[in-house]
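A.B. asks: Protein sequences, first through last, are from chains A and B.
Going by my numbering, the letters in the first sequence line up with residues 61 to 263, in that order.
Going by my numbering, the letters in the second sequence line up with residues 61 to 263, in that order.
Please note that a few of the clues may not be correct.
Chain copies aren't distinguished; within one or between two, either way the pair holds.
Think about it this way: if two alpha-carbon atoms lie no more than 25 Å apart in a straight line, the pair counts; the simulated SDA-like pairs of lysine to any residue are [claimed, not checked]:
id	residue 1	residue 2
1	K193	G169
2	K84	M96
3	K66	I132
4	K83	S101
If you're looking for bench data, these hints aren't it; they were derived computationally from the structure.
The chain contents come next:
2 protein chains.
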Amino acid sequence: MNFSSKLIEDSVNAFATLPGIGKKTALRLTLHLLNMPTETSEAFCDTVMKMRKNIQFCSTCFNISDSTVCSICTNTARERSTVCVVESIRDIMAIENTNQYRGLFHVLGGVISPIEGVGPGDLNIEALIERVKAGTIKEVIMAISPTIDGDTTIFYLSKQLQPFDVKVTTLARGISFGGELEYADEVTLGRSIASRRIYDDGT
Amino acid sequence: MNFSSKLIEDSVNAFATLPGIGKKTALRLTLHLLNMPTETSEAFCDTVMKMRKNIQFCSTCFNISDSTVCSICTNTARERSTVCVVESIRDIMAIENTNQYRGLFHVLGGVISPIEGVGPGDLNIEALIERVKAGTIKEVIMAISPTIDGDTTIFYLSKQLQPFDVKVTTLARGISFGGELEYADEVTLGRSIASRRIYDDGT
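Kindly generate the complete structure, drawing on both the sequences and the hints.
C.D. replies: So, in C-alpha cells, the structure goes:
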C-alpha cells in the first residue's frame, strides 16, 4: 500500500502486528482514530497502557488481577477444597461464564508440548504441587483441552499429584449439547459409548 | 462477559469501540498485548499516539500529511494542471495504488447529503474554488462514488466551476473489469450501452 504519510504507515504497521488484523483493517482502525477527537484517541491509548502496566498475576493461582491476589482467590464465598486447573486466563473466563463452578482456579500458562519445546518447568506446576501440599485441597479438576499435548499434561500432573490425598478428575467428554450424532468424529462417539451413563430423567 | 479484572474490562471496552471489533476480538487483542513484553505494548501505544498528535492536513488539498503541505502537493514531478476531487483520504490511496494518475488531488471530506445534514458549507468546496480561481488548473476530475449523494455533489460542484475556464470530467462508468454481463445491474448495463465506445484494438 502507498501511504502519503510516514506516521500513518507506522500506525498501520503497529495495528497489523495484532492477531487477526491485516493491513486493510489496520488502515481502517487508524483512519477511525484519526477522525475521532484527540481526547478520545488519547483515552484509548491510556486505557491500553494502564492495563499493560498495572496488571498483575495472582500470586496464588496466576489469574490476571488488579492486585497481588485475584478476586476469585480472595472471595470467601468460594469453595476452597476444589481447584480447577486450566491452560490460560481465557479458560477461566469461559468457565466463570457457565456459572456452574464455585471453586478456585490454577492457571498453568500452557500445556506440556515437546514439539514447541514447552517442558513441565515452563509451567506453573511447582506452585500447584505446593498448594496441594498445604492440605486444604480435596479435589483437582483437570479442565485442559482434549488434545495430545493436553492429555500428556493431565497424565504428568496426575503422576505428580499421586503422593497426596487428592481426587484428580477430568471434564466429561462426549457429544456436544445440540450436536448431531452423524457429524461427531469417531473418537468422540466411541468414547461416549464406552463411558455411557444410566439415564436419569431428573425426577 | 465476566472479567476478573477492571483493567482488562476497560481495555476490552476501549478496543470494542473501534469499527468491526466486537467484545471477543477485543479480548483477544487485549490478551495478546498482555502476553507481549511491556516495551512492545508501549511502542504500539506510542506509535498510535504519535500518529494522532502529529498528523496534519495539507493546507492545499486536505490530504493527510506529516507537514503543512503534503508530499503529493510538493512533488514537482506531478502535473499541476489536473486536480482530482475525492471524498476522503482513502480514495487518494486507492487512486495512487493504480499508478495511473500523475496530477494533484483535492479532498472534500464527504459528499453533500441532505439526509445526514451535510451541506456544501461542511465540505472543502470553498478551497477548491480558490484553487481553480488561481488559474493553473485546466481540468477537474470528479472521482466521487456514483451514489445519489455523490451525483448531487458532482452536479453542485460543476455549477460552481462553470464560471471558470476548466474542463470538468467524471470517472468512466460501466461494467467492472472481469465482471459478468449477466450479473450487472440494469442501471449500470443500460448506461454502459448508452455510452458505448468505438472498439480500439490497441494497434
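A.B. asks: Hint by hint, say whether it matches the structure.
C.D. replies: Results of checking the hints against the structure:
no. : hint         : verdict
1   : K193 to G169 : within (20 Å within a copy, 67 Å between copies)
2   : K84 to M96   : both (19 Å within a copy, 23 Å between copies)
3   : K66 to I132  : between (46 Å within a copy, 13 Å between copies)
4   : K83 to S101  : both (20 Å within a copy, 19 Å between copies)
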